[in-house]
Amino acid sequence: MISFFKKKIPKIFSPIAGRLTPLSEVNDPVFSEGMMGPGFAIEPEAGELYSPIEGVVTSIFPTKHAIGLKRKDGKELLIHIGIDTVELNGEGFNIFVHEAEKVTPQTKLAEIDLAYLQQQGKGKTIMVLFPEDTQTYSVAEKVVAAGEELSL
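The opening position of the sequence shown corresponds to residue 1 in the UniProt record's numbering, with each subsequent residue numbered one higher.
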């Protein structure tokens with residue numbers, strides 16, 4: 001009977017195929033020390049990036065290296081593509097969505113040329129961040145598929 005009153009926690013899915021890791025292992029203190037908020041990271045194996053949530057696109061950075069999303073419950077997320085990729089000025093990224101577009105975990109947000117990032121000496125780690133959140137997320141390292149539901 002009490003289960004009727006439990007708050008439903010929105011699901012979150014892996015936005016890309018790769019190795020799920022704690023944010024603390026990212027090779028950049030801005031992310032590993034939580035300066036951008038808590039979250040998780042994925043070392044990608046493929047370049048297709050999908051929405052990790054059901055929600056809406058709130059922002060696409062002009063340099064295409066970051067995409068802001070908002071869940072139905074109002075919680076905001078930031079997907080940061082790579083490390084120091086802002087310096088590429090959009091090269092190596094193909095964005096498929098626009099601001100105010102509704103998205104689901106089946107929505108492809110972007111394609112990332114991982115080989116190009118590597119050639120340019122940029123990290124390819126994908127960070128999913130919750131800038132306004134104060135809780136920490138417990139992340140067990142494992143290989144994940146794009147669209148796989150995550151337990152955080």
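You may find that some hints are simply not true.
List of simulated lysine to aspartate or glutamate pairs, EDC-like, C-alpha gap at most 16 Å [to be verified]:
1) Lys11 to Asp84
2) Lys11 to Glu54
3) Lys72 to Asp84
4) Lys108 to Glu54
5) Lys142 to Glu54
6) Lys122 to Glu76
7) Lys75 to Glu25
8) Lys142 to Glu45
The following label-pair restraints were derived from C-beta to C-beta distances [said to hold, decoys possible]:
9) Ser59 to Asn27: 37 to 43 Å
10) Lys72 to Ala145: 31 to 37 Å
11) Glu45 to Tyr137: 32 to 38 Å
12) Pro10 to Glu101: 17 to 23 Å
13) Asn94 to Ala145: 17 to 23 Å
14) Glu101 to Asp73: 34 to 40 Å
15) Asn27 to Lys142: 16 to 22 Å
16) Asp73 to Ser24: 23 to 29 Å
Source of the hints: derived by calculation from the structure; they are not laboratory data. Beta carbons are placed, not taken as given, at the ideal position from N, Cα and C, and that holds for glycine.
Now the hints, each set against the structure:
no. : hint                        : verdict
1   : Lys11 to Asp84              : 29 Å, violated
2   : Lys11 to Glu54              : 8 Å, holds
3   : Lys72 to Asp84              : 30 Å, violated
4   : Lys108 to Glu54             : 12 Å, holds
5   : Lys142 to Glu54             : 23 Å, violated
6   : Lys122 to Glu76             : 26 Å, violated
7   : Lys75 to Glu25              : 24 Å, violated
8   : Lys142 to Glu45             : 13 Å, holds
9   : Ser59 to Asn27: 37 to 43 Å  : 25 Å, violated
10  : Lys72 to Ala145: 31 to 37 Å : 24 Å, violated
11  : Glu45 to Tyr137: 32 to 38 Å : 21 Å, violated
12  : Pro10 to Glu101: 17 to 23 Å : 18 Å, holds
13  : Asn94 to Ala145: 17 to 23 Å : 21 Å, holds
14  : Glu101 to Asp73: 34 to 40 Å : 18 Å, violated
15  : Asn27 to Lys142: 16 to 22 Å : 19 Å, holds
16  : Asp73 to Ser24: 23 to 29 Å  : 26 Å, holds
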